[in-house]
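> The residues making up each chain are set out below.
2 protein chains.
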Amino acid sequence: MYYSQTARLAVYAQGEFHKGKSKTAEGVIRYAPNPIVAVIDSTQTGKRVCDVIPDIKCDAPLVSSIDDALQFKPDALLLGTAWAGGGMPAQWKPDIIEALEGGMDVINGLHDFLCDDPQIAATAARCGRKLLDVRKPPNDLPVASKRVLESCNAHVVLTVGSDCSVGKMTASLEIQKSAVRRKINAGFVATGQTGIMICGSGIAVDRVIGDFMAGAVEQMVVESGKNHDIVLVEGQGSLVHPGFSGVTLALLHGACPHAMILCHKATRKCTISTEHPLPPLPAFVPLYEQMASWMRPAKVIAIAVNTVGLTEEEAGAYVDDMSRQTGLPCCDPVRHGADILLDAILTNQEKTR
Amino acid sequence: MYYSQTARLAVYAQGEFHKGKSKTAEGVIRYAPNPIVAVIDSTQTGKRVCDVIPDIKCDAPLVSSIDDALQFKPDALLLGTAWAGGGMPAQWKPDIIEALEGGMDVINGLHDFLCDDPQIAATAARCGRKLLDVRKPPNDLPVASKRVLESCNAHVVLTVGSDCSVGKMTASLEIQKSAVRRKINAGFVATGQTGIMICGSGIAVDRVIGDFMAGAVEQMVVESGKNHDIVLVEGQGSLVHPGFSGVTLALLHGACPHAMILCHKATRKCTISTEHPLPPLPAFVPLYEQMASWMRPAKVIAIAVNTVGLTEEEAGAYVDDMSRQTGLPCCDPVRHGADILLDAILTNQEKTR
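Chains A and B, in that order, are what the protein sequence lines are. This note's numbering numbers the first residue of the first sequence as 220 and each following residue consecutively. This note's numbering numbers the first residue of the second sequence as 220 and each following residue consecutively.
Don't read these hints as lab results, they were simulated from the structure. Mixed in with the good hints there might be a few duds.
Since copy identity is lost for identical chains, a pair holds within one copy or between any two.
[As the list claims (entries may be wrong)] Only pairs whose alpha carbons sit at most 20 Å apart, straight line, appear in this in silico SDA-like list of lysine to any residue:
#	residue 1	residue 2
1	LYS266	CYS489
2	LYS518	ALA341
3	LYS355	ASP335
4	LYS365	LYS488
5	LYS365	PRO496
6	LYS276	PRO516
7	LYS518	LEU368
8	LYS365	ILE491
9	LYS355	ASP331
As the structure is a prediction and not an experimental result, all values here were calculated from the model.
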């Protein structure tokens with residue numbers, strides 16, 4: 220565990236707390252077991268989390284500053300926004316220092332590490348507070364060599380996607396929630412900063428040195444397989460994203476999944492940040508299956524669609540259309556629950572036994 | 220330039236200097252412009268380089284120790300062996316320290332950096348010598364976003380492979396040699412430690428953090444395109460290697476090549492170090508073409524085979540067979556020269572104009 224899952228969190232999303240935009244903040248509030256005491260976004264003071272994202276049952280207030288957050292006695296400030304490249308905006312620094320001086324630890328998922336900033340590091344040391352750079356990888360990772368095939372008896376399911384930020388982590392976590400309800404022993408392997416903040420362990424694969432990315436995944440999957448019947452691996456990026464496709468393929472070849480869930484955002488037409496046009500969703504099915512096949516034959520067994528921004532009716536029609544186009548079960552796991560995704564996994568598990 | 224290309228080099232390959240085995244040593248001796256004054260391998264004292272690798276015109280002696288090498292007045296010791304994982308064997312350390320104390324700089328291509336070893340760093344500082352960790356990437360790399368398509372007018376050719384260590388760098392360098400002879404302005408982009416040692420610049424992509432691998436390649440290709448009509452990009456790994464496929468795909472999507480040369484080693488049946496069975500060579504052609512197509516349509520236009528270990532007759536038969544199976548020009552660029560590979564590039568360049 221990188222941090223206590225009972226610690227009280229204030230989430231920093233200055234100017235950026237909106238449904239479907241502040242990915243880390245929303246993911247942590249939605250799925251982490253920690254109490255959320257406040258969200259810092261001075262552009263929305265007076266609202267509560269559930270006013271901004273109605274389907275999250277959280278009434279923590281939006282406040283304008285670190286100072287305002289302190290009255291709610293947070294144990295830590297969690298930096299809740301991030302973007303491609305992962306650098307730290309200069310205007311965050313005074314707030315981070317104020318949080319440390321106010322007695323909070325700081326949890327950070329950016330590529331820029333807090334512990335590498337001399338002023339922040341010195342402040343943390345002086346105030347006796349912790350800096351938790353969750354994207355910092357371990358130093359002793361192996362090169363992958365299909366260890367999952369030899370050393371993992373669990374059924375491994377990887378979420379793959381048409382693009383970044385389409386709901387791969389969310390689909391995995393919703394499937395795990397369904398599994399818990401149905402008393403099925405399913406583990407979640409976090410491979411990105413938000414997933415690590417939520418479940419308390421994992422490795423941010425996009426921060427690992429190229430040669431060791433697949434090895435990092437392999438190691439986590441083998442470890443999770445010791446304690447679970449099903450291992451749900453959080454995917455990253457997309458095989459067609461110019462910037463991140465290498466990370467995506469390393470995940471696929473490190474995890475050696477038995478099956479894949481294809482994730483997509485209904486409104487997404489181009490890859491995020493690079494504006495590369497996306498092929499039609501059904502084209503991703505043979506693409507991922509072919510690339511997986513070099514390690515172990517694996518099918519895309521279901522589709523998880525993020526329908527944020529669509530009405531209930533539009534979402535239903537979109538899901539039906541995708542299911543018809545691919546011949547696969549399809550749902551929005553946040554709107555509809557993930558039972559049909561879990562059913563697809565259990566059917567696949569039965570078949571491959 | 221990371222280091223002077225006129226510096227006199229002693230190559231360290233203790234116990235491991237054999238044709239086709241000590242990849243870095245052989246590559247540097249074969250292609251770097253630097254004078255090679257000695258190779259250190261105590262198991263073969265008394266021989267010369269050309270006794271061990273007859274097709275290299277180099278009569279530098281094999282000597283048993285750093286002390287023996289010093290009589291030939293080397294400017295630097297170049298660590299000439301490496302393997303998956305890239306750690307530094309403990310028994311090298313006394314020799315590295317002896318080299319520094321003897322007045323040599325040390326050139327290192329391993330994942331383990333010399334500058335991170337306190338004793339080695341202190342010795343270098345005390346002796347006023349340089350430690351050159353060529354695999355150390357720059358700190359300010361971008362996320363890739365198809366900049367090659369927008370900002371590079373040169374014809375970009377990437378070597379791709381069935382596996383690691385099959386001759387991708389060698390094929391690129393032999394093509395460049397042919398181009399120089401024919402007064403064609405072709406640049407070489409080094410993406411691995413040996414390539415960097417040979418041409419004096421580049422970034423070891425397998426040492427770059429996942430999110431920035433493709434961005435590193437993109438940046439180098441755009442830069443090289445400013446000064447060359449053809450840019451020859453050194454590929455890495457293989458799309459079917461469990462440990463390195465992510466690096467391979469990042470290279471493909473960062474370089475956005477116009478065309479690819481497929482490289483293979485005739486005697487290779489399984490991926491190196493992981494023993495994953497290789498598909499038949501013709502299967503790689505549509506695989507690389509499909510994965511390239513997400514950025515820019517690109518064909519595999521020729522095959523470069525490394526026939527080390529085969530007789531002249533066997534090599535000829537193998538090359539003919541591969542050419543027949545794929546319908547593509549094929550040769551061993553070291554045995555036969557790379558003219559037919561360059562011809563294929565020029566034809567392709569003409570077509571895509």
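> Please go over all the hints and tell whether each is borne out by the structure.
Hint check:
Taking identical chains as interchangeable, the C-alpha atoms of LYS266 and CYS489 are never at most 20 Å apart, the minima being 32 Å within one chain and 60 Å between chains. Proximity of LYS518 to ALA341 under the C-alpha cut-off of 20 Å is found in neither arrangement, the shortest distances being 51 Å within a copy and 54 Å between copies. In this assembly of identical chains, LYS355 and ASP335 lie within 20 Å of each other by CA distance both inside one copy and across copies; the values are 11 Å within and 18 Å between. Taking the shortest alpha-carbon separations for LYS365 and LYS488, only the inter-copy value of 17 Å comes in at or below 20 Å, while the best intra-copy value is 34 Å.
Taking CA atoms no more than 20 Å apart as the test, LYS365 paired with PRO496 passes between copies only; the shortest distance there is 12 Å, against 33 Å inside one copy. For the identical chains of this complex, LYS276 and PRO516 are neighbours neither inside a copy (40 Å) nor across copies (48 Å), given an alpha-carbon limit of 20 Å. Only within a single protomer do LYS518 and LEU368 lie at most 20 Å apart by alpha-carbon distance; the minimum there is 16 Å, versus 33 Å between protomers. Within a single copy, LYS365 and ILE491 get their C-alpha atoms only as close as 31 Å, which misses the 20 Å cut-off; across copies the closest is 13 Å, which meets it.
Proximity of LYS355 to ASP331 under the C-alpha cut-off of 20 Å is found in both arrangements, the shortest distances being 9 Å within a copy and 18 Å between copies.
When held up to the earlier numbered hints, the structure conflicts with 1, 2 and 6 and fits the remainder.
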